[in-house]
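Engineer: Residue-level listing of the chains:
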Amino acid sequence: GAVVSQHPSWVICKSGTSVKIECRSLDFQATTMFWYRQFPKQSLMLMATSNEGSKATYEQGVEKDKFLINHASLTLSTLTVTSAHPEDSSFYICSARRGSAIYNEQFFGPGTRLTVL
Amino acid sequence: TQLLEQSPQFLSIQEGENLTVYCNSSSVFSSLQWYRQEPGEGPVLLVTVVTGGEVKKLKRLTFQFGDARKDSSLHITAAQPGDTGLYLCAGEKTTDSWGKLQFGAGTQVVVTP
Chain A
1 GAVVSQHPSW
11 VICKSGTSVK
21 IECRSLDFQA
31 TTMFWYRQFP
41 KQSLMLMATS
51 NEGSKATYEQ
61 GVEKDKFLIN
71 HASLTLSTLT
81 VTSAHPEDSS
91 FYICSARRGS
101 AIYNEQFFGP
111 GTRLTVL
Chain P
1 TQLLEQSPQF
11 LSIQEGENLT
21 VYCNSSSVFS
31 SLQWYRQEPG
41 EGPVLLVTVV
51 TGGEVKKLKR
61 LTFQFGDARK
71 DSSLHITAAQ
81 PGDTGLYLCA
91 GEKTTDSWGK
101 LQFGAGTQVV
111 VTP
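Note that the protein sequences, when read in sequence, are chains A and P.
Here the first sequence stands for residues 1 to 117, where the numbers follow our numbering.
Here the second sequence stands for residues 1 to 113, where the numbers follow our numbering.
Heads up, some of the hints might be wrong.
[Claimed, not checked] Some chain A residues judged to face chain P by a derived CB distance under 8 Å, without partners named:
#, residue
1, T32
2, L46
3, T49
4, G61
5, Q106
6, F108
7, P110
[What the hints assert, rightly or not] With a cut-off of at most 25 Å between alpha-carbon atoms, the simulated DSS-like pairs for lysine-lysine come out as follows:
#, chain 1, residue 1, chain 2, residue 2
8, P, K93, A, K55
9, P, K70, P, K57
10, P, K59, P, K100
11, P, K100, A, K41
12, P, K100, A, K66
13, A, K55, A, K66
14, P, K70, P, K56
15, P, K57, P, K93
16, P, K56, P, K93
17, P, K70, P, K93
18, P, K100, A, K20
19, A, K64, P, K100
20, P, K100, P, K70
21, A, K66, A, K20
22, P, K59, A, K55
23, A, K14, A, K55
24, A, K66, A, K14
25, A, K55, A, K20
I should point out that these hints are in silico values taken from the structure, not numbers from a laboratory.
Ideal placement from N, C-alpha and C gives every residue a C-beta, glycine not left out.
Just chain A, same shape as in the assembly:
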């Protein structure tokens, strides 16, 4: 199977600081990566689609200036939560798309637990 890593796995920060989360596809190239947010006992909420070498596409209601996404290479995408506040505390999960001519599959990272004090 395809392996996706995330770093850090958890982070605690003070309100007003910025936090960067990395997502890497370890054994395949991913032209497209996705960032999700998940609240306790709820499903995944797509935040944005990240394409290598171009600007990310954000879902409705997600602040572009708040959640900065950079997809610098075929194996790395980063999500920066700027000026974090307690309401940004959540479980952030990335996924990487491994496509084929017929269908695509998404492989998920282990997630990053962000707690903003």
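Using the hints provided, position chain P relative to the given structure of chain A.
Structural biologist: Below, chain P without anything else, positioned relative to chain A:
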């Protein structure tokens, strides 16, 4: 409203029993995937179905894709405590680009010894 409706939301059964989780929509999907997620971890891909009427088996798990590619089911035979987790279905709409997935709300399955 969720594009993919999963039912039931919660299922608690005894070890050895069978269970079925359903995933329904009014939209057509080019592919549909099932994931299992455990607390504090990312979802793990179980299977991808792409052909209407397709049936795939993964040990005690049987996955079916509806003929019209609008619905799917997951059946677990002789459930074990290790099957406990949040089961998520996710579909790629034929009209969406970049492989964006629509997720169901999930079914929490608890298997007690």
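Engineer: Sort out which numbered hints this structure fails and list those numbers smallest first.
Structural biologist: 4, 10, 22 and 23
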